[in-house]
Amino acid sequence: MELNPSAPRKPSRSVAPVDYLVTILDTRPLTLHVSLHNPVDATKPVLVPRLLAPLGAFVNVTVLDELSATAWESPRPKLGLKLHPDRRESYLELEPGYSHGIVFRLEGVPVPAGLCTARVSYSNGPYTGPTQQPIGALTFETAVPFVRA
Amino acid sequence: MPAGATGAAALLWLQRTAGNAAVSQLLAVQRAGAGTCKLDGDELPVQRAGPKAPPVILPARPAWQPGRHVTPTYAVTRPAATRSNSTPSTTKTDDPTFTGAPAVDAKGKVWRYQLATVKSTGTIQLVYYTADRYPAPTPEDDSGALTNTTAGNWKAITKDLKKHRAGVADFWSAYRREVLHEDYHWNVEWQGKVNKHLQKAEKRIAALKADFAAAPTEADADAALKPQATTIFKDETDKARAAYDALGDDPGDPPYLAQAPAMDALHARVMAHAKANKWS
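In order, the protein sequences belong to chains A and B.
Under our numbering, the first residue of the first sequence is numbered 209, with each subsequent residue one higher.
Under our numbering, the first residue of the second sequence is numbered 2, with each subsequent residue one higher.
Some hints here could point you the wrong way.
Label pairs and their calculated CB-CB ranges [as the list claims (entries may be wrong)]:
#, chain 1, residue 1, chain 2, residue 2, range
1, B, Thr122, A, Thr350, 26 to 34 Å
2, B, Arg205, A, Glu297, 44 to 52 Å
3, A, Glu281, B, Ala64, 38 to 46 Å
4, B, Met272, A, Val248, 51 to 59 Å
5, A, Gly322, B, Asp133, 50 to 58 Å
6, B, Arg84, A, Thr339, 25 to 33 Å
7, B, Ala208, A, Pro320, 30 to 38 Å
8, A, Thr325, B, Ser87, 29 to 37 Å
9, A, Glu349, B, Ala64, 50 to 58 Å
10, A, Ser276, B, Arg69, 38 to 46 Å
11, A, Pro237, B, Thr231, 22 to 30 Å
12, B, Ala208, A, Glu349, 33 to 41 Å
13, B, Ser87, A, Glu349, 23 to 31 Å
Listed next, the in silico SDA-like pairs over lysine to any residue satisfying Cα-Cα at most 20 Å (straight line) [stated by the list, open to error]:
#, chain 1, residue 1, chain 2, residue 2
14, B, Lys235, A, Arg284
15, B, Lys235, A, Ala277
16, B, Lys163, A, Arg295
17, B, Lys240, A, Gly264
I should point out that these hints are in silico values taken from the structure, not numbers from a laboratory.
In this text, all values refer to a predicted model and were calculated from it rather than measured experimentally.
Even for Gly, the Cβ is constructed at its ideal location relative to N, Cα and C.
All chains should be built: construct the whole structure from the sequences, respecting the hints.
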């Protein structure tokens, strides 16, 4: 495959019917499972980026208190990529019903007591698909309420 | 003034008429001068001018230094490098902090807020590829023996290093690439944005003031000025972060260009090594 590592990667519309799932596994410390999945009733496999970490690079989390004020926001690190966005090996193929996810355990994050909300967003950044098989921009955001005792 | 009144009688009359401040001034004049005080008619300017404002007493605190700039300190933590063929190296930056205190602006006769220090911390986590991806696998600075370089692969190595000098490595890479790339984020991008917005913060903070009547003590001045300084500082550092976050970090962008010298140097080493071994 011919790569053009210096070419700018412009966002494009998503052509991959990918669904997203966020689950709060624990609140002390706050632990979330974030995954991309190919719907059960899909008719064909989809490609999704292999890379989901570090937190803040592709998945961002904002913790809101009961007054919807921001209690914590994941920092955004700068990255020196290892996986080339144009290469097929930088993506996983998901058959219908399969998912690709990651668990983030937010140690030391000041989560207030009471009703909170985890606002979770995902963006695939430069991983818009291999040259021969573009998947476009994947973005989503959801808010998951939870109670911290 | 009653006709014929002089000396103490005149002063008593004046005190009743013009008040203690005027009399105090008059007495001062009298003590400083030689001879008797003239109290005739129009020679009493203090009586016409009325009482003066009390003199401003400057608090005995450090003087404000207008135009003084803080040189921020930058401290980056560098944990031991790890290895992975997928996990990226990262540069994380913490929100800058400051110290400061109220200072006396003698000319303006107000309290100002003087920044004393500004500190910014961060973490650079280098992640190297596995050792088989480097022409010189040890030590982790591309200076070691080219033990992964052979007559059979040197062309592939040099092709990779040249083609991806300012991008994501394909297979072969240079250790120093990771260092230069992340250092660029920290030294050039982050510090550049913080320094720029710190200057703006200093200018805005220098305009803050609290008068001595409203803030008689340093603690009062601190209570009045520090929250405002904190708000300004946060506003400007938030802007610095937004500008930093907006900088491009895709292949071909400045951080990737910054890594190119490492790839070029290793490319030259491998070429020289092949030539010395008469590989073709």
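A quick look at each hint next to the structure:
1. B:Thr122 / A:Thr350: 26 to 34 Å: holds (32 Å)
2. B:Arg205 / A:Glu297: 44 to 52 Å: The hinted range 44 to 52 Å holds for B:Arg205 and A:Glu297, with Cβ atoms some 50 Å apart.
3. A:Glu281 / B:Ala64: 38 to 46 Å: Taking Cβ atoms as reference, A:Glu281 and B:Ala64 lie about 40 Å apart, which means the hint holds.
4. B:Met272 / A:Val248: 51 to 59 Å: With a Cβ separation near 54 Å, B:Met272 and A:Val248 satisfy 51 to 59 Å, so the hint holds.
5. A:Gly322 / B:Asp133: 50 to 58 Å: holds (52 Å)
6. B:Arg84 / A:Thr339: 25 to 33 Å: holds (27 Å)
7. B:Ala208 / A:Pro320: 30 to 38 Å: holds (35 Å)
8. A:Thr325 / B:Ser87: 29 to 37 Å: holds (31 Å)
9. A:Glu349 / B:Ala64: 50 to 58 Å: Holds - the Cβ-Cβ distance for A:Glu349 and B:Ala64, about 52 Å, lies within 50 to 58 Å.
10. A:Ser276 / B:Arg69: 38 to 46 Å: Since A:Ser276 and B:Arg69 have Cβ atoms about 41 Å apart, the given range 38 to 46 Å holds.
11. A:Pro237 / B:Thr231: 22 to 30 Å: Between A:Pro237 and B:Thr231, where Cβ atoms are some 29 Å apart, the hint holds.
12. B:Ala208 / A:Glu349: 33 to 41 Å: holds (39 Å)
13. B:Ser87 / A:Glu349: 23 to 31 Å: About 25 Å separates the Cβ atoms of B:Ser87 and A:Glu349, which means 23 to 31 Å holds.
14. B:Lys235 / A:Arg284: Given that 20 Å is the threshold and the Cα spacing comes to 17 Å, the pair holds.
15. B:Lys235 / A:Ala277: Roughly 17 Å between the alpha carbons, so the hint for B:Lys235 and A:Ala277 holds.
16. B:Lys163 / A:Arg295: Distance of about 18 Å is within 20 Å: holds.
17. B:Lys240 / A:Gly264: holds (18 Å)
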